[in-house]
Amino acid sequence: MRTFEFEAPETIDEAVSLLKKAGGSARPLAGGTDLVVQMKESATRFPYPATIVSLDRISELRGIDFADGGGLRIGAGATMTDVATHPAIRERYAALAEGAGFVGSLQTMNMATIGGNVCNAAPSADTAPPLLVYDAEAVIIGPDGRRTLPIAELFRGPGQTALAPDELLVELRLPAPTPATGAAYQRNTPRKQMDIAVVGVAVALTLSGDTIERARVALGAVAPTPLRAKSAEAALEGKPANDETFAKAAAAAVEDSSPITDIRASAEFRRHLVKVMTARQLAEAANRAKGSA
Amino acid sequence: MAKQLITFTVNGREREVAVEPHWTLLETVRETLSLTGSKEGCGTGDCGACTMIVDGRIVTSCLMLAPQANGRDVTTIEGLEAIGSLDPVQQAFIDAGGLQCGFCIPGMIVAARNLLDDNPSPTLDQIREGLAGNLCRCTGYTKIYEAVELAAERIRGSA
Amino acid sequence: MPDDTKTRESTSADGNGHTAVGKRVTRLEGAAKVTGKTVFADDMKMPGLLHVGVLYAPQAHARIKSIDTAKAAALPGVYAVFTAADLPDYKRNDSNRNGLIFPDKEVLFHGQPIAAVLSEDPHIAEEATALIEAEFEPLPAVLDPVAAMENDSPLVRQPLVDVDRSEARGHVSVETEETEQQDEPSNIASRAPFARGDVAAGFAEADVIIDRTWRTAMVHQSYIEPHSTIADYDASGELRVWTSTQGPFHVRNELAQAFGLPENRIRVTATEVGGGFGGKIYLTELMVAALAIATRRPVKHIMSRKDDMIAATPAPYTHIELKTGMKRDGTLTALQARLIYDSGAFPGAPMLAGCILVGGYYRCDNIDIKGFEVLTNKVSVGALRAPGAHNATFAIESHMDMMAKELGLDPLEVRLKNAVAEGDLMPSGQAYPAIGLRECLEAIADSDVWRRRREIEATPNRGVGLAIGGWIGGLQPASAIVCLNGDGTVNVTVGSADITGSNTTFQQITAEVLNVPLDMVNVETGDTKTAPYAGMSAGSKTVYTVGRAVKKAAEDLRQQMFELAMKRLEVEPEDMEVANCQVQVKGAPDRAMTFKRFGRLSTNFGGPFPAIVGRGAITARKIAPSFVAQAAEVEVDPDTGGITLHACAIAQDAGFAINPLSVEGQMQGGASQGIGIALWEEMQHDEHGRLLNPNLLDYRLPTSRDLPPIETIIVEVPSEEGPFGARIVGEPSIVAGAAAIGNAIDNAVGARVDEAPITPERLLRAMSKL
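In the order they appear, the protein sequences are chains A, B and C. Note that our numbering has the first sequence beginning at 1, numbered continuously upward. Note that our numbering has the second sequence beginning at 1, numbered continuously upward. Note that our numbering has the third sequence beginning at 1, numbered continuously upward.
It is possible that some hints are incorrect.
What the hints assert, rightly or not - Pairwise CB distance ranges (calculated): (1) 211/A x 461/C: 32 to 38 angstroms; (2) 692/C x 178/A: 43 to 49 angstroms; (3) 244/A x 769/C: 16 to 22 angstroms; (4) 2/A x 264/C: 42 to 48 angstroms; (5) 71/B x 44/C: 27 to 33 angstroms; (6) 230/A x 213/C: 41 to 47 angstroms; (7) 121/B x 44/C: 37 to 43 angstroms; (8) 461/C x 267/A: 22 to 28 angstroms.
Stated by the list, open to error - Okay, derived cross-link-like pairs now, DSS-like style, lysine-lysine, Cα gap no bigger than 27 angstroms in a straight line: (9) 306/C x 45/C; (10) 20/A x 3/B; (11) 3/B x 40/A; (12) 192/A x 769/C; (13) 596/C x 567/C.
For the record, the hints were derived by calculation from the structure and aren't laboratory data. Every residue gets a Cβ at the ideal spot worked out from N, C-alpha and C, and that includes glycine.
The shape of chain A in the complex, shown without the other chains (with noise of 0.2 angstroms):
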């Protein structure tokens, strides 16, 4: 690797002014888990950062707080592991959990981060659908204060986030649960482990008695960011949650859908999986809300 300068401030502020000091030459770091990796390779989508800001002596960011009037506070620097074993985002937002927990080895949960798989902004980036499903909000500091952003707002393209270089990711906001409320997020790799998501579902669906009444699916890795499948959540919304339901809200994920072939998959083997998946986690998440009713 190339060299650089290292900084470690202990606090946002610090963390901040670093950014805006380094004029954009300055990345933070996190987990390093998708960082140092493309550092090494000189493939970072950015020039090689002059300036890195690691952001892990910032104890701020690393909280997980689940109030039940006021929803979930992911600190940005939480690890997967963190997500993936809070009780409260097990029992009450599953899917998070579950995109967390698929994230790589033991080794790459204990080390990334919420806000590094976010921020880097991978399509196939596993936190992303669970996130797109609960309405999560992204919360930013920068030179000029603080702001709050839709998470779905937060994704511009392959690795390319609306943050300006000079701002930092620091929290997640995640609404309190609805009630009669099922999630669930699948992702289909080659291998069980390791891999990087081939096609990415999540799904929440709230129920009213057997019919839904409100709908939410996002897909990974199958656009240049994830996105909600909004044509699948129109097909969806007031409709009985049964097979035939999941059937059309299926198909309708597909055309939300504009994978491309790469080395990993067909574009045509990935709009084929968003179908079946998008099916399965439909019925799984159905599943769910009856039990949480």
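Chain A is fixed; fit chains B and C onto it per the hints.
Same frame as chain A, now just chains B and C:
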């Protein structure tokens, strides 16, 4: 770039080391501390041969920058044995034949030790999940599963 | 006594009277490996060490217009930069991958090394390679071996002259040779035809004919330790090399020829090999030695994973057209095959072995096999555990199942009916010695997975498949020395690299012959200056050849002690035996001389006995092929094409398993590699011949979550020449995996994928779901 002084605990001993920011924890431990048990198999976190325990959790040390190790507690394969005798996990790997070329083994044993620390009675599936970040090309894993089961049995037996 | 002796299996005589062989013995180097103390090449440090960064060509085929190293040389911390023009003299041979360090005129594959940077800091060495400015004029890149065979195909390279196949012979000994490239320039480096009988007549008699093309991907050995080499050449004039190699003597001999140095001025130490599988014989040593000679400083070259995947010697892509015919009663009547092995830009593809095996598993009166080794502008290939075998086996073993299915015959019975046995002929006309193929088939029937067949087949989307495989094995002279120490313990020195636990096996052999506890015997691999000659640890022949030499050396040591004891014991050697760590009169333990005593008398000041050194040297003339049968249980997700391996069993004829623990490990390891080849492993290239997945993320080795425990069944049909009847062991277990899994998948969902790896996408297409 000037070197930074970091202080961290390695295998129970406090160490103070001058490091370049672009060095990884792996190369710092191997080159500066001459603890060459941990290996580089890929450099990108995909094989687990560099696995160390940092603050109680296993990591791929090839992706941790050396300055990030400041203030941390690190255990490498060299930290498992007591003076003159092997950790039960190490002994079990020998006895079950769970090793061939030996290159993946330090990382594998560190991961297995950590697994058993968290879960003293793992099922076969839990063992397979716990070691999925450690690639072995020689054994096909069967005798590694047996080694971990043997180690767990012995550790429970002597508890 | 150190604690680790407790772990060794107790050696008391078993039913055969064996005390040490045939026992499950743990690795003698086990403690060093589990503590991380074993020294691999990259663990070595020395003063003045220079690290190497290599510039690899970015084009698959190009003329080199210029290479400007000025900027690289100017980077602070760079010690020197080398291109072809800067290298010391060496005997260059452009027709051999290992005869050329850097090209000066033409690049032949993407990833061909073209320059090197030396620095005391490996990061700087790497950084500087990016500053080397090389200009190329692209030439047509030939990437498809089938197209490359056409008369009008552009040429991959200048014609071959003087091809050296000595390394390939270390892997397999078959009594036949390929025909090298003829006078007409062509991309076909060699061909081999095998024929007997009349295939047309054979097909005419058949009740079912299967005619299909099978393709297997280029795959990588993926040893977890990348290529690692250190060389030094100092004022003493000795070239010193420490390298992760399976063949230290081969490396020495090649370097001697390359640099015109006498072999006794070269010392090659095989450092512990962190996985070889045939891919670590001789590759970067030539370059590293040249750099050491040029700089007179120690030079260390550790390939990054990415560079190793791009620029080492993977196993070839193959295209195999196979047509087979079978009668209603299950008799194989005709076999016609065209095997195309993609060798990359230099010759060396294991086409011969593939030809022999495709027609070597079953009796068949009518065969017509044509093999082609074809050049392309890709990285040239090397050996991977039973090189050439899994490719051919995927084809023939799929056919056997397909024909059986069409005729309504049992897949195991059909194989038993046609399986070769002693006296049957290989396609080369060579007759098989005693072999255990039938026995393996009978043994696999007893495996847990095969016994559950009916139950599995009755479960939707689950299936069981079976396939056989085998390997002929290599032959090479070998030697060993066994020395008696002053305290009666014994040192064994061999020249073979220990890649499979062979040294532990040698310990057992020696302990058996001398009838002593294991811990009285130490075994070391010496370097090429101190050790007696051994061939490369490849071709599965290490125990088969070196083990025989060790046995002879131990017997020689024993005989020397007997002869020295004659005067004191007053009997002839025929009336003596070894027992209880002493030489004694047969049945009379009180009339004895202890090994310790021999040790003292032969090493002390003024000792009356000469030093007692046993010597064993052999040449191996008889092949001892080893066969396997493998069964697999899979489950297919019919909508995603996802494939889960639930169970796997492998039976192998080991001849005599000197160390069953070790043999099982080889079986499980090889089986896992065969499964990787079956389901996930594939080197993918773009249309410019560039490798798209040079990493362990997208080149997928099976993880523990992908592989269930593998059941092993050791079969023993003794070989004629091997120590205690042992056969070649290490390689056969990789061979049958692709076919076994393909057969299991067909059993599960009734679909055949004729391309390995069998990916979910390919399976869905075969199932007409995509």
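Going through the hints against the structure:
Remark: the range hint 32 to 38 angstroms for residue 211/A to residue 461/C is upheld by a beta-carbon distance near 33 angstroms. Between residue 692/C and residue 178/A, the C-beta spacing of about 44 angstroms keeps the proposed range 43 to 49 angstroms intact. Checked against the hint of 16 to 22 angstroms, the pair residue 244/A and residue 769/C passes, with Cβ atoms roughly 21 angstroms apart. One distance hint, 42 to 48 angstroms for the beta-carbon pair residue 2/A and residue 264/C, holds here, with the actual separation near 44 angstroms.
One distance hint, 27 to 33 angstroms for the beta-carbon pair residue 71/B and residue 44/C, holds here, with the actual separation near 31 angstroms. About 45 angstroms separates the C-beta atoms of residue 230/A and residue 213/C, a value consistent with the hinted range of 41 to 47 angstroms. Taken as a hint, the range 37 to 43 angstroms holds for the pair residue 121/B and residue 44/C, whose Cβ atoms sit roughly 41 angstroms apart. Between residue 461/C and residue 267/A the Cβ separation comes to about 26 angstroms, which falls inside the hinted range of 22 to 28 angstroms.
The hinted pair formed by residue 306/C and residue 45/C meets the criterion: a straight-line CA distance of about 23 angstroms does not exceed 27 angstroms. Taking the CA atoms of residue 20/A and residue 3/B, the gap is about 24 angstroms. The hint holds against a cut of 27 angstroms. The suggested pairing of residue 3/B with residue 40/A holds, with an alpha-carbon distance near 19 angstroms, which does not exceed 27 angstroms. Note on residue 192/A and residue 769/C: the hinted pairing holds, with a Cα-Cα distance of about 22 angstroms set against a maximum of 27 angstroms.
The hinted pair formed by residue 596/C and residue 567/C meets the criterion: a straight-line CA distance of about 18 angstroms does not exceed 27 angstroms.
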